[in-house]
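Participant: As a plain string of letters, each chain reads:
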Amino acid sequence: MLYRFTQATLAVLIISTFAASPAFSAKLIRVDGSSTVYPITEAVAEEYQKENRKFRVTVGISGTGGGFKKFGRGETDISDASRPIKPSEVELCAKNGIEYIELPVAYDGLAVIVHPTNDWVDYFTVDELRRLWEPDAQGKITHWNQIRPEWPDKKFSLAGPGVDSGTYDYFTKAINGAEGASRGDFVVSEDDNVLVQAVSNDLHGLGFFGLAYYEENKDLLKLVPIDDGKAENGDGPIFPSLETVKNSTYQPLSRPVFIYVSKKSAERPEVEKFIEFYLTHANVLTNEVGYIPLPDEAYRLAMERFQNRVTGSVFGGKGAKTGVSVQELLGQGSE
Amino acid sequence: MISTDRTRKLLIRQKLGDGVFQVVAVVGIVIALATLAALIIDALVDGLPRIDWKFLTSFPSRKPAEAGIFSALVGSVYLIALTAVVAVPIGVAAAVYLEEYTNQSSRLSRIIEVNVANLAGVPSIIYGLLGLELFVRAMRLDRSLLAGALTLALLVLPIVIIASREAIRAVPSTIREAAYALGATQWETTRDHVLPLAFPGILTGIILAVSRAIGETAPLITIGALTYVAFVPDGLLSPFTALPIQIFNWVSRPQHGFHINAAAGIVVLLAVTLLLNALAIFLRNRYQKQYQ
Chain A
258 MLYRFTQATL AVLIISTFAA SPAFSAKLIR VDGSSTVYPI TEAVAEEYQK ENRKFRVTVG
318 ISGTGGGFKK FGRGETDISD ASRPIKPSEV ELCAKNGIEY IELPVAYDGL AVIVHPTNDW
378 VDYFTVDELR RLWEPDAQGK ITHWNQIRPE WPDKKFSLAG PGVDSGTYDY FTKAINGAEG
438 ASRGDFVVSE DDNVLVQAVS NDLHGLGFFG LAYYEENKDL LKLVPIDDGK AENGDGPIFP
498 SLETVKNSTY QPLSRPVFIY VSKKSAERPE VEKFIEFYLT HANVLTNEVG YIPLPDEAYR
558 LAMERFQNRV TGSVFGGKGA KTGVSVQELL GQGSE
Chain B
119 MISTDRTRKL LIRQKLGDGV FQVVAVVGIV IALATLAALI IDALVDGLPR IDWKFLTSFP
179 SRKPAEAGIF SALVGSVYLI ALTAVVAVPI GVAAAVYLEE YTNQSSRLSR IIEVNVANLA
239 GVPSIIYGLL GLELFVRAMR LDRSLLAGAL TLALLVLPIV IIASREAIRA VPSTIREAAY
299 ALGATQWETT RDHVLPLAFP GILTGIILAV SRAIGETAPL ITIGALTYVA FVPDGLLSPF
359 TALPIQIFNW VSRPQHGFHI NAAAGIVVLL AVTLLLNALA IFLRNRYQKQ YQ
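Keeping their order, the protein sequence lines are chains A and B.
Heads up, our numbering is the position in the first sequence plus 257, with the first residue counted as 1.
Heads up, our numbering is the position in the second sequence plus 118, with the first residue counted as 1.
These are calculated hints, taken from the structure and not from any lab test.
Glycine residues also receive a C-beta, built at the ideal position from the N, C-alpha and C atoms.
Hints may be right or wrong, so weigh each one.
Covered stretches of chain A (chain B as the covering partner; in silico rule of three or more C-beta atoms under 8 Å from a C-beta of chain B) [what the hints assert, rightly or not]:
| id | segment |
| --- | --- |
| 1 | 297-311 |
| 2 | 402-416 |
| 3 | 461-474 |
Within a straight-line C-alpha distance of at most 30 Å, the following computed DSS-like cross-link-like pairs (lysine-lysine) qualify [what the hints assert, rightly or not]:
| id | chain 1 | residue 1 | chain 2 | residue 2 |
| --- | --- | --- | --- | --- |
| 4 | A | Lys-475 | A | Lys-327 |
| 5 | A | Lys-307 | B | Lys-172 |
| 6 | B | Lys-133 | A | Lys-475 |
| 7 | B | Lys-181 | A | Lys-503 |
| 8 | A | Lys-397 | A | Lys-412 |
| 9 | B | Lys-181 | A | Lys-284 |
| 10 | A | Lys-284 | B | Lys-133 |
| 11 | B | Lys-133 | A | Lys-307 |
Have a look at the derived ranges for each label pair, beta carbon to beta carbon [unchecked claim]:
| id | chain 1 | residue 1 | chain 2 | residue 2 | range |
| --- | --- | --- | --- | --- | --- |
| 12 | A | Asp-476 | B | Ala-389 | 47 to 55 Å |
| 13 | B | Glu-184 | A | Glu-447 | 52 to 60 Å |
| 14 | B | Gly-375 | A | His-538 | 17 to 25 Å |
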């Protein structure tokens, strides 16, 4: 009785897992990488599969760095990235003979936010943000009035994304001048919703994260405009919004996000079609999932870049770079 | 009489200590249960209204209201079944070997015993790293269902071994001696008497192991299980996603609609776990009656 039961269970389990396995389907498009870019790729994959039922797209979230590690080993076809590829990652790709095509797909704004009842912070200059976040500030700059004398003599508490995220890399590069250079005494979470909680529950809280998270929690947070002190990017403090990110006046905290396509994978028709579908529909879909589309001209240039199979990074493989215009993005004279 | 006086005082103090301990114990259980209740009620309030047939049978989507849990649910069920298929025979065989075939006091068996106990305490993410290097990369299984199941099987193996050993140890030695006396070999004794009697206990171990495996996220994320999969796995080497990963993704999205989906996903995960446990408990009680 016992044996019949065990044997039957085992048989059923084994058959059910093997029976439905007629070899592994080859029409698979493997995407992995940044959690920031994930919603865009997910939206594109969803629509693409509605039109092409025989192709399968899988999207993972390993972070920009984790995604490039897999991409550089040839484990994925496309890598989502919220910053340009770094030297160590360029090296990995070169070592394994992976050539890549870099394609910007959207803009993301970084929102600097405080508690909604905070009535003293009206704007930040880039210099003030640097004094708040620079590595030397750790343990020394702890009170509001150290940033601006008329602000209260109260301790503030900082919150920001984890050091593995492209968002942190970009912010530190834009504000402190070097990727990964910042004070260490702040609340860290990979989950931006935790940062929303941290700032909305603390009168003296201050944090930064993706604009989409502010948009969904407007009533819990106060958005702070940023003044970069450069007249050519618009005078005075500027709030992040669809227009100011798109026309590059919200600087330096708006950035392009990318997908990287392996040149070898792009030879497969399903991957090629997917990328063309991506660039054609990115305009509408990025907006739908809370990001800011590039100008139409940029998508056209990106498509050209892909069709000509222009490999390499216009950033010279040096990682995050701030204040990038569309022209630079698509490298008028690329490598 | 001084001595009775002293005894009385001692008694009073003991009773007082007893009372204090009882209060502490009650407070402990109240805190534990209240936390559990709060978690479950919170998930039910947010998630229950969201669960319908469409939610269970739809693939993930960028629109929270259209997103469903189908690929994750099927992925989890396959994953757990495959994990059990791998972990149970190996775990039970190891337990039989350790209990029936080795000299309990030998150095080798003590080393194995200590190691198995230690393995049960290793954080799950370490198993994920092992799975990534061994199954995903060295064995080139890629990020497949099989790689995920093998990783989880390693993770729960110590639980199966420990529980099975306890169950086998609880079988009275008189049973074995009676079997030997009638001329049964060691294998016949184990197969026909020890294992059937230990079966309910072994099943308990399997329940614990499966319940642990179904909720694990860290090792799956480490081996690089995927988040967006809009198809059902069609083979051992097929890519997959699982319930905890889908929930984790939804929780970290900005839109409130996805947070509701996450709560609904949690309710589904709880339901699947309870269902598996109920099935195992039902089977255990059935066999317990049969063999007593």
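Participant: Given the hint that Lys-181(B) pairs with Lys-284(A), test it: the Cα-Cα distance must not exceed 30 Å.
Facilitator: Judged against 30 Å, a Cα distance of about 25 Å means the pair holds.
Participant: How about the segment 461-474 of chain A: do at least three of its residues have a C-beta closer than 8 Å to a C-beta of chain B?
Facilitator: n = 6 at 8 Å, threshold three: holds.
Participant: If you check the beta carbons of Gly-375(B) and His-538(A), does the distance land in 17 to 25 Å?
Facilitator: Check passed, 22 Å falls within 17 to 25 Å.
Participant: Are 3 or more residues of the segment 402-416 of chain A near chain B, judged by a Cβ distance of less than 8 Å?
Facilitator: violated (count 0)
Participant: Return holds or violated for the Cβ distance of Asp-476(A) and Ala-389(B) against the range 47 to 55 Å.
Facilitator: About 33 Å separates the Cβ atoms of Asp-476(A) and Ala-389(B), which means 47 to 55 Å is violated.
Participant: For a C-alpha distance cap of 30 Å, please report whether Lys-133(B) and Lys-475(A) respect it.
Facilitator: Judged against 30 Å, a Cα distance of about 58 Å means the pair is violated.
Participant: Does the alpha-carbon distance linking Lys-181(B) and Lys-503(A) stay inside the 30 Å limit?
Facilitator: Measuring from Cα to Cα gives roughly 24 Å; hence the hint holds.
Participant: Given the hinted pair Lys-284(A) and Lys-133(B), is their Cα-Cα distance within 30 Å?
Facilitator: Roughly 74 Å between the alpha carbons, so the hint for Lys-284(A) and Lys-133(B) is violated.
Participant: State, for the Cβ atoms of Glu-184(B) and Glu-447(A), whether the hinted interval 52 to 60 Å holds or is violated.
Facilitator: Because 26 Å falls outside the window, the suggested range is violated.
Participant: Given the hinted pair Lys-133(B) and Lys-307(A), is their Cα-Cα distance within 30 Å?
Facilitator: 72 Å, violated
Participant: Given the proposed pairing of Lys-397(A) with Lys-412(A), does the C-alpha separation stay at or below 30 Å?
Facilitator: 11 Å, holds
Participant: So is the segment 297-311 of chain A in contact with chain B by the C-beta rule, three or more residues under 8 Å, or is the coverage claim wrong?
Facilitator: Holds: 6 residues of the segment 297-311 of chain A have a Cβ under 8 Å from chain B.
In this structure, the earlier hints numbered 2, 4, 6, 10, 11, 12 and 13 are contradicted, and the remaining ones agree with it.
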